[in-house]
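Colleague: Chain residues, written in single-letter form:
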Amino acid sequence: MLRIKCPICGLRDETEFTYGADAIVRRPDMDETNPQDWLNYVFYRDDPKGPHKEYWHHVQGCRQWLVLERNTLSHEIGACRLAREVPK
Amino acid sequence: MSNYSAFSIFRHALSGNKNWSRAWRDPDPKPSYDVLIVGGGGHGLATAYYLAKEHDIRNVAVIEKGWLGGGNTGRNTTIVRSNYMMPGNTMFYERSMKLWENLSQDLNFNVMLSQRGQYNLCHSPGQMDAARRRGNVMRANGIDAELFDRDEVRRRLPYLDYSDNCRFPVHGAIFQSRAGTARHDAVAWGYARAADKQGVDIIQQCEVVGYLWEDGKIIGVETTKGPIRAGKVGLAVAGHTGHLASKAGLRLPIETHALQAFVSEPLKPLIDTVISFGAAHFYISQSDKGGLVMGGDLEGYNSYAQLGGLPIVEHALGSAKALIPSLSRLRLLRQWAGVMDMSMDGSPIIAKTPVEGLYLNGGWCYGGFKATPASGWCFAWTIAKDEPHEDNCEFTLNRFEHGYQIDEKGMGPQPNAH
Ligand SMILES: Cc1cc2nc3c(=O)[nH]c(=O)nc-3n(C[C@H](O)[C@H](O)[C@H](O)COP(=O)(O)OP(=O)(O)OC[C@H]3O[C@@H](n4cnc5c(N)ncnc54)[C@H](O)[C@@H]3O)c2cc1C
Ligand SMILES: [Zn+2]
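Taken in order, these protein sequences are the chains called A and B.
Final position of the first sequence in this note's numbering is 88; the numbers increase by one with none missing.
Final position of the second sequence in this note's numbering is 506; the numbers increase by one with none missing.
Wrong hints could be hidden among the right ones.
[What the hints assert, rightly or not] Quick list of simulated restraints, FRET-style, between CB atoms:
(1) Arg255/B x Leu11/A: 29 to 39 Å
(2) Gln36/A x Ser375/B: 41 to 51 Å
(3) Leu39/A x Asp252/B: 24 to 34 Å
(4) Ala505/B x Trp65/A: 11 to 21 Å
(5) Ser212/B x Ile8/A: 33 to 43 Å
(6) Gln423/B x Leu11/A: 22 to 32 Å
(7) Trp38/A x Lys497/B: 28 to 38 Å
By construction, these hints were calculated from the structure, which means they are not laboratory data.
Just so you know, these numbers come straight off a predicted model, no measurement behind them.
Idealized CB from N, CA, C, for every residue including glycine.
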C-alpha cells in the first residue's frame, strides 16, 4: 500500500487516489501544428527506472490533482504538491 | 547432449538418475558474435533458437542479467490463446498457437501444453454482441471459436454464481477450445536447451549496462562481464525495454507497470479450464498441483519493482468470490509480481529501431507468454532478413506516428488501461 501525503488532507492510503499520468509530459499549445510535438505528447514517454514525477487525483478526498515524486524502483515517496502550484 | 525420450528416462532410472548430462553449457562470453540477444526470457531464447534453426545463424549469444526465466516467463499465469481480432494480431497469435501445438516435439522438451480451453464470460447483451463479432473474425480466419448462451455455460461451469442477486449475471461466453496453459519454466528451459544444441551461447548473471558505438551505429554491448561486440543487437528484455532503449537514446511508446499473480492452497480438481471474468479484470485456472492460479489488474502506477500491493490482492480475490462463491474460505499460498512494458495501444513491437544495429522486441503487456514461439520466430526473421515477416509487419515502432495503432480493447493511449 502506498501512503501519499496530500497537501490538503494529509497522509492517506493509495486507495483514495487514482493514478493519472507522467507529469513531465507537457501538452503543446493548442495552435501548435508540428505533428512531432503532438506525437511526443500523446504517445512517447521517458519510462524512467528511478525518480518519477506523476499526476495523482485525490478522487476520494479533496478531489485535487497532485504532482507526486515517487521512485519507480523502490516505490519511495517524495514531495507531493498541488498540480496547479507546480510551475509549468 | 542426449535426446530425451521414454527410453532415456528408463535407462537413467536404472543407474539411479546419476548420469544425466547438463541441459545446456555455461560458457564465458566470446569477444564477438553475429547476433546478440539481450534478455534470457522465453522471447530471447526462442529468438536465438529460430535464428539458428530457421536462418542458420549460429554465432549467437543470449545475455541474461539474472537466471533464465527469472523474469516474466517464470512469473506469468501461463494462459495460451489466439482469440485476437485486430488485423496484425489475429494471424500472429494463431501462428503462435500452431507453434505451441508442436513445441514439445520440436524442442524435445515437454512444455506441458494443456489445451483445456478458455472461456471469456459475457455479462451483458452488449458483451455478447462483441463476443459474437470477435468469434466471427476468428472463424473467418480459420481459428476455432464458439459462442455459448447462459444455459450452456451453466452446464459446463456449474460452480459460477447464477443466483438471482448476482451482481454481474452471466449472459454467456466465448470459448476457444484450443486455448489452455503451458508450463512456463519448461518453455524457457526447452528453448535454452534446443538453442544451445544449435551452438547458441547462453550467458547468465551478466547484465547489459550500455552499448558500444561506432559512427552512430551500435556495434555491441557493455556488460558486467566486459564489452561484447556484435553485428546486430536484439532487445527482448520485457519490463526493462524503456530503460535499455533510453540508453540508446530512444524514447518509446511504452511505460513499465507491475502485475501480480496469486496461487491458492491446493484443492481437489475443480476448474478444468481457464475462465476470464468479463465484468472485472480477473482470470482463473487450476494448476496440476491443485492450486488455483489467479490474475487481476495492474497496480496502476509506473513500477520497476517486482512487487505488488494489497489493494490489488483485495480486488482480485473479490472478483474470485463474485465469480465463484465457493472460493470464499480459500487461503492464498503465494503472491508475486512481474514488471511489463505496457505499450500505448496494448500491442507489441517487433521491429528494427531508428538506431542502426539495434532491433526491438517489446511492448508485450500482460499477454506475451502465449506469444513466445511466434515472437521468437518473427524476431529471428526480422533480424536475419532486415525486414519483418508478414505476421509481424504491423508491429512497427512508427505505427503511432501514422495512426495505425492496434488497440484490441479500444482503450486509447493510456498504458495502465490496456
Ligand atoms: C503476473 C503476470 C501474469 C501474466 N500472465 C500471462 C498469461 O497468462 N498469458 C500470457 O500470454 N502472458 C502473461 N503475462 C505476460 C508474459 O509473462 C510476458 O509478456 C512475457 O513472459 C514476456 O516474455 P519475455 O521473454 O520477453 O520476458 P522475460 O521473461 O521477463 O525476459 C526478459 C529478461 O530480460 C532480462 N533483462 C532485463 N534487463 C536486462 C539487462 N540489462 N541485461 C540482461 N538481461 C536483462 C530479465 O532479467 C528477464 O529475464 C503475465 C505477466 C505477469 C507479470
Ligand atoms: Zn486531498
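Colleague: Are the hints correct? Go through all of them and say.
Modeller: Hint by hint, here is what the structure shows:
no., hint, in the structure
1, Arg255/B x Leu11/A: 29 to 39 Å, "32 Å, holds"
2, Gln36/A x Ser375/B: 41 to 51 Å, "48 Å, holds"
3, Leu39/A x Asp252/B: 24 to 34 Å, "51 Å, violated"
4, Ala505/B x Trp65/A: 11 to 21 Å, "18 Å, holds"
5, Ser212/B x Ile8/A: 33 to 43 Å, "38 Å, holds"
6, Gln423/B x Leu11/A: 22 to 32 Å, "25 Å, holds"
7, Trp38/A x Lys497/B: 28 to 38 Å, "23 Å, violated"
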